[in-house]
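Number of protein chains: 2
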Amino acid sequence: MNKPSLYTSLSPAVLHLYNVRDCVVVVIDILRATSTIATALYNGAKSIIPVDSVEKCMRLGRDMECITAGERDGKIAEGLQYGNSSFDYPRNFIEGKILVLTTTNGTKLLHMAVAKGATEIITGSFLNFSAVCDHLIKEKKNVILACAGWKDKVNIEDTLFAGAVVSRIKEHFEINCDASKIANCLYDIAKDDLYEFMKKTDASHYHRLTNFGLEKDIRHCLTEDLADVLPYYVDERLVV
Amino acid sequence: MNKPSLYTSLSPAVLHLYNVRDCVVVVIDILRATSTIATALYNGAKSIIPVDSVEKCMRLGRDMECITAGERDGKIAEGLQYGNSSFDYPRNFIEGKILVLTTTNGTKLLHMAVAKGATEIITGSFLNFSAVCDHLIKEKKNVILACAGWKDKVNIEDTLFAGAVVSRIKEHFEINCDASKIANCLYDIAKDDLYEFMKKTDASHYHRLTNFGLEKDIRHCLTEDLADVLPYYVDERLVV
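From first to last, the protein sequence lines are chains D and H. Under my numbering, the letters of the first sequence match residues 1 to 240, in that order. Under my numbering, the letters of the second sequence match residues 241 to 480, in that order.
Bear in mind the hints are in silico, worked out from the structure with no lab data behind them. Misleading hints may appear alongside valid ones.
[To be verified] 25 Å max Cα-Cα, derived DMTMM-like pairs, lysine to aspartate or glutamate:
| id | chain 1 | residue 1 | chain 2 | residue 2 |
| --- | --- | --- | --- | --- |
| 1 | H | K356 | D | D152 |
| 2 | H | K356 | H | E295 |
| 3 | D | K140 | H | D442 |
| 4 | H | K456 | H | D313 |
| 5 | D | K200 | H | D428 |
| 6 | H | K440 | D | D202 |
| 7 | H | K410 | D | E171 |
| 8 | H | K456 | H | D428 |
| 9 | H | K410 | H | E379 |
| 10 | D | K151 | H | D262 |
| 11 | D | K138 | D | D228 |
| 12 | H | K391 | D | D152 |
| 13 | D | K191 | H | E476 |
| 14 | H | K296 | H | E476 |
| 15 | D | K191 | H | D432 |
| 16 | H | K440 | D | E171 |
| 17 | H | K456 | H | D432 |
| 18 | D | K170 | H | E295 |
| 19 | H | K243 | D | D202 |
| 20 | D | K170 | H | D392 |
[Said to hold, decoys possible] Residues from chain H that keep clear of chain D, each with C-beta distances beyond 12 Å, as calculated:
| id | residue |
| --- | --- |
| 21 | N242 |
| 22 | A253 |
| 23 | N283 |
| 24 | D303 |
| 25 | K380 |
| 26 | E397 |
| 27 | V474 |
Source: prediction; values computed, not measured. The C-beta atom is built at its ideal place from N, Cα and C for all residues, glycine as well.
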């Protein structure tokens, strides 16, 4: 029996090279959109509406009386209520609520995938790593691991997550994709301590967030399976 | 004193993210354009004219009475005389001659860099590895390592070469670029036997060229410093 194919798109700028139709597209923005999405949904958020602009975020927040959140360049965007940290969304705050979220890279990538005709989009992070892998194995469909990167540049943490997924599920897929293999190799050398690897290589995002005092956030976002949910995109929102 | 910056563009599709002006742009297409360019110039070719289409290659070949060569999808393009293998260009054949060359990825990337305003373009391959590194260290200018990839997809061998350069010269540069760090990590795990690494990971280009019986070509293109020249682009041609 033919195995389904798996590809990794290391940057939104190369997503157009892959046929996103009839695939499962995994949107990956480890620091921090897809980590925050997993956490908020795990902690009982009713749904998350990803939007591509701060203005739209504010407008939806007013119209629908929901929580507005998001960042630009790593900081809470002006006019929004909350940021892009998992720690902003404990259960006693977020349970039953709707969150409207806009981020620099992750939410933009998600809309790009939609615009290109993706029909099944889920979000992946280390926090919901096993849920993503189990789903991909079970679905038996072609997979595109779509890294958000940073303003279209390839980044280390999204590549590491893609590599972690490849490492876990590769027996079940046909992988004729050098980017997936590079990601797998990177994960193999980093897996014993992802945080230490980010620090040692002085990954650009480690550098940026550490400057904002967010070491705790980085450690959290590199931890497996703290938020065991599978967020999927339907009717313009993410739900579990 | 501030060190110059070094960036790696893993695919032509992300080259626009980097400012190629006032930089040294190193065009990298290990299998096989930039390896063949180094070899032909090392063996005494007068110059190499990289062109972006088979038609232009044939026309220049007629008008200037020079050798036409090039491939599409790994095979000699119809209408051209020679292919894209170093072994096609021994000294007793190429010395003193002008070669017009067109390839799937490398020559296209070179013209893209020109179109974006690059003023200093050199070509890099393992065959002229030390010449490239020595030049970059000496120039003290910002550097962009521009990988050709395969039809805009990231590939293993160009990434390995970028990683080899980063590994050799990183003390002399400021590197705030995750792609460079990923390339460096990949090279570190592969460097003991690059060919074996390509084989073990079943790199897409290893796979493709092996199907054409080109193992010997691959081994050759992964060997350091067999063609100790520095090809640079001036007046629409590559010379040393």
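**OP:** For the pair supplied as a hint, K170 of chain D and D392 of chain H, confirm whether the alpha-carbon distance does not exceed 25 Å.
**Re:** Holds, because 23 Å separates the two Cα atoms, which is no more than 25 Å.
Subject >> Hint consistency between K456 of chain H and D432 of chain H [alpha-carbon to alpha-carbon, up to 25 Å] >> reply: Judged against 25 Å, a Cα distance of about 18 Å means the pair holds.
Original post:
Given the hinted pair K456 of chain H and D428 of chain H, is their alpha-carbon gap at most 25 Å?
Top reply: holds (23 Å)
Original post:
Regarding the pair K151 of chain D and D262 of chain H, is the alpha-carbon distance no greater than 25 Å?
Top reply: holds (22 Å)
Subject >> Agreement of K391 of chain H and D152 of chain D with the hint, judged by alpha carbon distance not exceeding 25 Å >> reply: holds (18 Å)
**OP:** Given the hint that K296 of chain H pairs with E476 of chain H, test it: the Cα-Cα distance must not exceed 25 Å.
**Re:** holds (13 Å)
**OP:** Compute the least Cβ-Cβ separation between V474 of chain H and chain D, then decide whether it is above 12 Å.
**Re:** holds (30 Å)
**OP:** Would you check the hint for K200 of chain D and D428 of chain H, treating anything up to 25 Å between C-alpha atoms as holding?
**Re:** holds (15 Å)
Original post:
Does the claim that A253 of chain H lies off the interface hold, with its Cβ farther than 12 Å from every Cβ of chain D?
Top reply: Non-interface label fails for A253 of chain H: nearest chain D Cβ at 5 Å, not farther than 12 Å.
**OP:** Determine whether the non-interface label on N283 of chain H survives the test: each CB of chain D must be over 12 Å from its CB.
**Re:** holds (30 Å)
**OP:** Would you check the hint for K410 of chain H and E171 of chain D, treating anything up to 25 Å between C-alpha atoms as holding?
**Re:** violated (36 Å)
**OP:** Mind checking the alpha carbons of K440 of chain H and D202 of chain D for me, to see if they're no more than 25 Å apart?
**Re:** Distance ~29 Å between K440 of chain H and D202 of chain D Cα, so the pair is violated.
When each numbered hint is compared with the structure, violations occur for hints 6, 7, 13, 18, 22, 26.
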